[in-house]
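Assemble chain G onto chain U, guided by the hints.
Going down the list, the sequences are from chains U and G. Per my numbering, the very first residue in the first sequence carries number 1; after that it's consecutive. Per my numbering, the very first residue in the second sequence carries number 1001; after that it's consecutive.
No wet-lab data here; the hints were simulated from the structure.
Straight-line distance between alpha carbons at most 25 Å, and here's what the computed SDA-like set of lysine to any residue pairs gives: (1) U:Lys165 with G:Gly1142; (2) U:Lys25 with G:Leu1053; (3) G:Lys1025 with U:Ala54; (4) G:Lys1165 with U:Arg143; (5) U:Lys24 with G:Ala1063; (6) U:Lys110 with G:Met1124.
Number of protein chains: 2
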Amino acid sequence: MNIVVQKFGGTSVASLSTQLEVMKKVMRPYREGNKVVVVLSAMAGETNRLLALANEWVTTPDAAEMDSLVSTGEQVSCALFSMLLKNQGIRARSVLGFQAPIRTDCSFGKARIVDIDTTALFEMLEDHDVLVVAGFQGCEDGRRITTLGRGGSDTSAVAMAAALKAEVCEIYTDVPGVFTTDPNICSDATKIDRIAYDEMLEMASMGAKVLQIRSVEFAKKYNVTVHVRSTFSDEQGTLVCQEDDDMEAVLVSGIAYDKDQARITLVHVEDRPGVSAAIFSPLAERKILVDMIVQNPSKGSKTDMTFTVPKADIKQTLKVLEDLRYEIGYEDLLSSSDVSKVSIIGVGMRNHSGVASRAFRALADENINILMISTSEIKVSFLIDEKYTELAVRTLHKEFALHEGGIQQESCTG
Amino acid sequence: MNIVVQKFGGTSVASLSTQLEVMKKVMRPYREGNKVVVVLSAMAGETNRLLALANEWVTTPDAAEMDSLVSTGEQVSCALFSMLLKNQGIRARSVLGFQAPIRTDCSFGKARIVDIDTTALFEMLEDHDVLVVAGFQGCEDGRRITTLGRGGSDTSAVAMAAALKAEVCEIYTDVPGVFTTDPNICSDATKIDRIAYDEMLEMASMGAKVLQIRSVEFAKKYNVTVHVRSTFSDEQGTLVCQEDDDMEAVLVSGIAYDKDQARITLVHVEDRPGVSAAIFSPLAERKILVDMIVQNPSKGSKTDMTFTVPKADIKQTLKVLEDLRYEIGYEDLLSSSDVSKVSIIGVGMRNHSGVASRAFRALADENINILMISTSEIKVSFLIDEKYTELAVRTLHKEFALHEGGIQQESCTG
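Just chain U, same shape as in the assembly:
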């Protein structure tokens, strides 16, 4: 049984006319003899309407009831779309989270998929050619409805593809695929044909908002090939898949940026064992996500500690650290929110040094000062003044020749 999974977002199912367009997309693999599993979001605007309703009722809605409420959005879009298919004589039916069943943990509002029992699904596929699965929702062991968080339908789709061992998981979106960088900033940005899971994870977490991060983690774990493509054309999009030699031959695959960064510096912290824990544990407890961390070389028994947090968390972070001033033992607390992070991403970096130094030079030539650096196996990130973000992205995009397919390692001068 050849199975193709397709996922469509809220804009695609928002009206009868857009659903008819979606039906055309479904008909392609259907006519080729595949079983098609279509994962749908709620009609655009519906989830927000339901959230607003809940907030009219109470200030802090119960999380479990909220999930039961908002999950009706996908239930409606799936029922309507199934009606369209059945009306065309196609053997189709809707499948809700509890019917699949898509089993999740009990974290209402941000549940994680634990397991998809495929017994019932394969039975349904015997009698049906198209299953219309409600995205974004699952069901915990006590039979209560859960939701997977914003963008959760991507994860639903990838999870279905993994469970059903589908040929491919097509994610339809309003852009033609994944780009080497944000085309709004850099007109030279080009569509990437194939990108490795790890690269996509770095791209997604840094603002290339094409896919929910968790769906990429899922795809990587179960080796699901994800095809990100446009709802508005039949063109090939971007394949997110396992790393291969061709990908590694390219030094840099993309440039990402993230303006949601704020920098905190603790001046003259005592350089003693346990001081890092004293600083970062209280932040972790408050679910403040610390990203880049730099510790300057000690001067005597003192050191400076600099790190970044999301801009929205800066006030709370400062409050926590001020309260712990004597416990941690620092002299001064500095902060700045006029910063951003620009990152160079590529699995090719694994086998090649020299990317960072080449980037330094390129940024220096444009007089862009680097405030912090952090590196991983496949990524180099720079913290810079926010106002230089666009210039830095364009400079690096050009430096690594991403407008013409990137630099092949043979030609790398690292």
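Positioned in the frame of chain U, the structure of chain G alone reads:
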């Protein structure tokens, strides 16, 4: 564990302000230490909105998908109402059809409850003081969502009361209870304090639209006391319950009417065995509901056969009978839709004749011609010209002294 079941309709849950009123009703039995099971309909207008959406999509929506679609209405109202309760610190949760579970057959759109497994419900009642149950919906064995048909929330409520052995099942409505007849026609109509299941079945099936018929059948079968009462006051309403001596002492309990009647006459039908089957089986196959049937005495080998059907079915009925003209063997086919049925109802009739003849006289005094008569143990129905409906209802209401509690059997002159 004392359990009270309460059911509220669409108008009662339509907005935040009306839901706050419903909350007050729930607080009464809750404060008295009862566990409360609240059965809710969809917010007024929501079911129609969803039906309209489906009809925009396709002309003949798939029944199973339709149920999945419209069941979101109750899901939304239950989630919102549970949020309100939880916000007040009440241990409450919503319960959907598949969560209870309320098991039904597979007749999508008009499913019948097969069974309510109370294991999960009693477990929920250990941890919660109020369960907010979605009315109108159930779940068939294949885990698909079903709905019980218009007014199905009444049946949901009675079924919950039966399954949980609740003290009482309160049905809140926009009228103060069940009346001796339609107050819009007869200003003398009075509220009935207690009415027997069988009487209520006759009243309900004939246009006293307070309770869905099936819910009364259910209540009778499981001996559930149903309290029909007003959402807008704390006054006692009408108890629908088992027949007792007091009820039997009253000759007539109420007058019902039904304008949705059309009369068909087959003139000079051959009076041979099997002719009735030849007429009525084809109608039954087309789900045309035949109500009153009268066969005139034979003249030789011929007879006249007259019966009534709902007005909407008259064309189809005539078509069926015309097609079968030679098979059945009749001389002429007559029809009239300007007729209505007026019925006298009362368990007291069981032990007393004379009700019919008394009614004949009263109607004759007003020059109302009786076209057909049918009788059962607790009911006498007259088919009359539709234009006399209101006059007949008022005449019979007065004749049997329903404005002053009805005629006690001692004083009956039958």
